[in-house]
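Each protein sequence line maps, in turn, to chains Z and G. Our numbering puts the first sequence at residues 1 to 418. Our numbering puts the second sequence at residues 1 to 418.
Treat the hints as calculated values from the structure; they're not laboratory data. Please note that a few of the clues may not be correct.
The list treats identical chains as interchangeable, and a pair is accepted whether it falls inside one copy or across any two copies.
Computed list of lysine to aspartate or glutamate pairs in EDC-like fashion (alpha-carbon distance at most 20 Å, straight line) [claimed, not checked]:
(1) Lys311 <-> Glu415
(2) Lys311 <-> Asp118
(3) Lys215 <-> Asp172
(4) Lys311 <-> Asp15
(5) Lys43 <-> Glu164
(6) Lys215 <-> Asp239
Bear in mind that the values here come from a model prediction, so they are computed numbers and not experimental data.
Protein chains: 2
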Amino acid sequence: MERVRAIYRIETAFDPEVAAAAMAGEQSSGTFVAVPGETEELKARFAARVERVTRLEEVLQPTLPAAHTPAGRAVWHRAEVELSWPIENMGPSLPNLMSAVGGNLFELRHFSGLKLIDLVLPPTFAEAYPGPQFAVGGTRRLTGVEGRPVIGTIIKPSIGLSPEQTADMVRDLAEGGIDFIKDDELIAGPPYSPLAERVRAVMAVINDHAERTGKKVMYAFNITGEIDEMLRRHDIVRDAGGTCVMFSINYVGLSGAAYFRRRCELPIHGHRNGWGVFDRSPWLGISFVAYQKLWRLIGVDHLHVCGIRNKFCESDESVIASGKACLTPLFGEGHRPDTVMPVFSSAQWAGQAPDTFAALGGTDLIYCCGGGIVAHPGGTAAGVKSLHQAWDAAARGVPLEEHARDHKELRQAIEKFG
Amino acid sequence: MERVRAIYRIETAFDPEVAAAAMAGEQSSGTFVAVPGETEELKARFAARVERVTRLEEVLQPTLPAAHTPAGRAVWHRAEVELSWPIENMGPSLPNLMSAVGGNLFELRHFSGLKLIDLVLPPTFAEAYPGPQFAVGGTRRLTGVEGRPVIGTIIKPSIGLSPEQTADMVRDLAEGGIDFIKDDELIAGPPYSPLAERVRAVMAVINDHAERTGKKVMYAFNITGEIDEMLRRHDIVRDAGGTCVMFSINYVGLSGAAYFRRRCELPIHGHRNGWGVFDRSPWLGISFVAYQKLWRLIGVDHLHVCGIRNKFCESDESVIASGKACLTPLFGEGHRPDTVMPVFSSAQWAGQAPDTFAALGGTDLIYCCGGGIVAHPGGTAAGVKSLHQAWDAAARGVPLEEHARDHKELRQAIEKFG
Numbered sequence: 001m002e003r004v005r006a007i008y009r010i011e012t013a014f015d016p017e018v019a020a021a022a023m024a025g026e027q028s029s030g031t032f033v034a035v036p037g038e039t040e041e042l043k044a045r046f047a048a049r050v051e052r053v054t055r056l057e058e059v060l061q062p063t064l065p066a067a068h069t070p071a072g073r074a075v076w077h078r079a080e081v082e083l084s085w086p087i088e089n090m091g092p093s094l095p096n097l098m099s100a101v102g103g104n105l106f107e108l109r110h111f112s113g114l115k116l117i118d119l120v121l122p123p124t125f126a127e128a129y130p131g132p133q134f135a136v137g138g139t140r141r142l143t144g145v146e147g148r149p150v151i152g153t154i155i156k157p158s159i160g161l162s163p164e165q166t167a168d169m170v171r172d173l174a175e176g177g178i179d180f181i182k183d184d185e186l187i188a189g190p191p192y193s194p195l196a197e198r199v200r201a202v203m204a205v206i207n208d209h210a211e212r213t214g215k216k217v218m219y220a221f222n223i224t225g226e227i228d229e230m231l232r233r234h235d236i237v238r239d240a241g242g243t244c245v246m247f248s249i250n251y252v253g254l255s256g257a258a259y260f261r262r263r264c265e266l267p268i269h270g271h272r273n274g275w276g277v278f279d280r281s282p283w284l285g286i287s288f289v290a291y292q293k294l295w296r297l298i299g300v301d302h303l304h305v306c307g308i309r310n311k312f313c314e315s316d317e318s319v320i321a322s323g324k325a326c327l328t329p330l331f332g333e334g335h336r337p338d339t340v341m342p343v344f345s346s347a348q349w350a351g352q353a354p355d356t357f358a359a360l361g362g363t364d365l366i367y368c369c370g371g372g373i374v375a376h377p378g379g380t381a382a383g384v385k386s387l388h389q390a391w392d393a394a395a396r397g398v399p400l401e402e403h404a405r406d407h408k409e410l411r412q413a414i415e416k417f418g
Numbered sequence: 001m002e003r004v005r006a007i008y009r010i011e012t013a014f015d016p017e018v019a020a021a022a023m024a025g026e027q028s029s030g031t032f033v034a035v036p037g038e039t040e041e042l043k044a045r046f047a048a049r050v051e052r053v054t055r056l057e058e059v060l061q062p063t064l065p066a067a068h069t070p071a072g073r074a075v076w077h078r079a080e081v082e083l084s085w086p087i088e089n090m091g092p093s094l095p096n097l098m099s100a101v102g103g104n105l106f107e108l109r110h111f112s113g114l115k116l117i118d119l120v121l122p123p124t125f126a127e128a129y130p131g132p133q134f135a136v137g138g139t140r141r142l143t144g145v146e147g148r149p150v151i152g153t154i155i156k157p158s159i160g161l162s163p164e165q166t167a168d169m170v171r172d173l174a175e176g177g178i179d180f181i182k183d184d185e186l187i188a189g190p191p192y193s194p195l196a197e198r199v200r201a202v203m204a205v206i207n208d209h210a211e212r213t214g215k216k217v218m219y220a221f222n223i224t225g226e227i228d229e230m231l232r233r234h235d236i237v238r239d240a241g242g243t244c245v246m247f248s249i250n251y252v253g254l255s256g257a258a259y260f261r262r263r264c265e266l267p268i269h270g271h272r273n274g275w276g277v278f279d280r281s282p283w284l285g286i287s288f289v290a291y292q293k294l295w296r297l298i299g300v301d302h303l304h305v306c307g308i309r310n311k312f313c314e315s316d317e318s319v320i321a322s323g324k325a326c327l328t329p330l331f332g333e334g335h336r337p338d339t340v341m342p343v344f345s346s347a348q349w350a351g352q353a354p355d356t357f358a359a360l361g362g363t364d365l366i367y368c369c370g371g372g373i374v375a376h377p378g379g380t381a382a383g384v385k386s387l388h389q390a391w392d393a394a395a396r397g398v399p400l401e402e403h404a405r406d407h408k409e410l411r412q413a414i415e416k417f418g
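Only chain Z is shown next, with the shape it has when bound in the complex (with noise of 0.2 Å):
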């Protein structure tokens, strides 16, 4: 029998033994009493195992408050957990595994924290759900881009901009050399910028260059919405030419983004705002290594990860192995390809490059600047090409001050961003 894993991270005040124990009886029985018909021959059979209990530090403090205290303990445990499930017990269903994995635990009595680390799957979550359509190879594909990342950037203002006034600045982009282009997420499909006119205004522009120079520029349309919507929004965007629909994951949901996947036909730009939610506390919540396995497996290509030294709280090192765990194949030899490309964002500029492909092994990404593109004090032509620069001296190790000193670009990217 195939099983499903978990790893968790809790602290508690009982013995960590003692706690997982109780997070596999809450996901297999789940009441305050012995009640009848649950034999020893069921929960042989159905039961959740604990299959190890690592333990941690101890500290003297809990994290997060209300949980229970055995009397007379005053120090706190930390340990590292590992919980498995037959597969049969949810199928391979991802809202019902997260039901398994994530359902009661994070509010049980017996934890001051608990987030959930890892999630290993069997391969049964292959065959019942598609995956990413188009992943890296269809988006290198559509934009045309190889040996190096996809160079992107974000339309800001994120508010009150009109769709001509966004064309325009697509059409200045376009001209940069710029490869994607994205909506904010907070614009879908406000009154002043309708999505329908939206396309229209932005996909001239586009196809236009298009036709000019050969090269397509990959714009992100922020379909986010109800699911009717969002799939007469993904229509509009296919019948303008356009290469790829946006939307925010966490909102739309597993079932509903699930539903739109087996519908679309262009990429999907996966943007996770709303993340800190689930990980912004290191002892509450899901990981991005758990979490970006649901959504890949749901079948978005690109996964937002943040970036190296960002404007947000998430740390350089969470940051990379969020990176690298969408570029990590889900399962073994012989299942069709299932990694995508994570989208490296948030106060980026050339200066990250040389770190981010250092910890990355590669280019399989897309780098999106929003200021360090366009604030760059040479325009926007110049601020593209800081970034190639930027990422060839990566990819070819040479520093990046040593590069700067015969690419203006890029020294004048230091020179303001540095």
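We have chain Z already, so just place chain G on it with the hints.
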């Protein structure tokens, strides 16, 4: 122009006014340098606005790690902040609303704590979403219960029972006088109990019991899954004469649930498992008072709110606030009813009835007891009776102990669970 309002609790080493301005800025243009095109006119029309900053206590340690601290500061301020946005920024669209009020804010460097506490939405949302279809009145009509809570229970163990074993339990519960039964959130359609077979077996018992007695037990079948699957399962339940479907709202997600709701002909029992991620920390996430508004607009009919003196970490105060919120209309006069039935569950038995009644000021709730019914010393029927007795006492203001003197089942319950 209608505005959306959101209330947050924040913790920050910055001046709270400065931090609140950063929140508003991030949710308006959101990049790290000034960008071209962001005119004062655009800002005035579309920018998020800080409506209020109310300072609370100061603390000497940050709650969440990695927040930025201005040089020389060693105090963290707590405050309540109210922001507002013009409705045209996101339209009456819940996923886009959430991107606006709950997007990147949780990750902003200014904050060692940030929680969305409440949302005040304009009535435009009531026009865009259908709201609950059955709610309190429909649930009472379908169960035939008036003047007291709908008394419910959960099928346990949650794993391993065959459809026939489940139906046997339902028979016992129906004969015991139960009003409502729900599948556990851990069972949807596993191989050992496919939904269609469980529906067939359970509804045979329920329909037979209804024919004999005139009382039709409402059974919330857990149809959690992908949307196509949920729609098929819905039809199976409806065609068998079932009167309720249940799903794990957090893992189906907002847009998936909204899509399903518009095609659903039965009451929706909204199970919030996984909720701890959002609410377990006092300084991160989303309060239930805010979140339940989304689910009511989408149109679930029942919403889990935990229970007084529960087995989890939630305080009674929080539970009551959640229950009351479900019963408070979202909009003023002239709008269709949108209250839903709160489901009190988790270690509930007769003992919590008086406090629950006193706090809610009424009996419009589903009162779900697991062990409190099936582990009652007198058996299932006595368990149900003990709850009727307790709620009767509560509604008439008679102390439980006094009422128990001449009500054996209540007395037994107090002896075993009290």
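From the Cα coordinates, with 20 Å as the cut-off, is the pair Lys215 and Asp239 best called within, between, both, or neither?
Intra 19 Å, inter 55 Å, cutoff 20 Å: intra-copy only.
Are the CA atoms of Lys311 and Asp118 at most 20 Å apart within a copy, between copies, both, or neither?
For Lys311 and Asp118, neither the intra-copy (26 Å) nor the inter-copy (26 Å) Cα distance is at most 20 Å.
Within, between, both or neither: Lys215, Asp172 at alpha-carbon 20 Å:
within (14 Å within a copy, 70 Å between copies)
Since the copies are identical, ignore which copy is meant and state whether Lys311 and Glu415 lie within 20 Å (CA to CA) inside a copy, between copies, both or neither.
Within one copy, since 19 Å is at most 20 Å while 58 Å is not.
Up to 20 Å between alpha-carbons, please classify Lys311 paired with Asp15: within, between, both or neither.
between (39 Å within a copy, 19 Å between copies)
Alpha-carbon proximity context of Lys43 and Glu164, limit 20 Å:
Result: close only across copies, 18 Å inter versus 63 Å intra.
Taken one by one, the earlier hints fail for this structure only at number 2.
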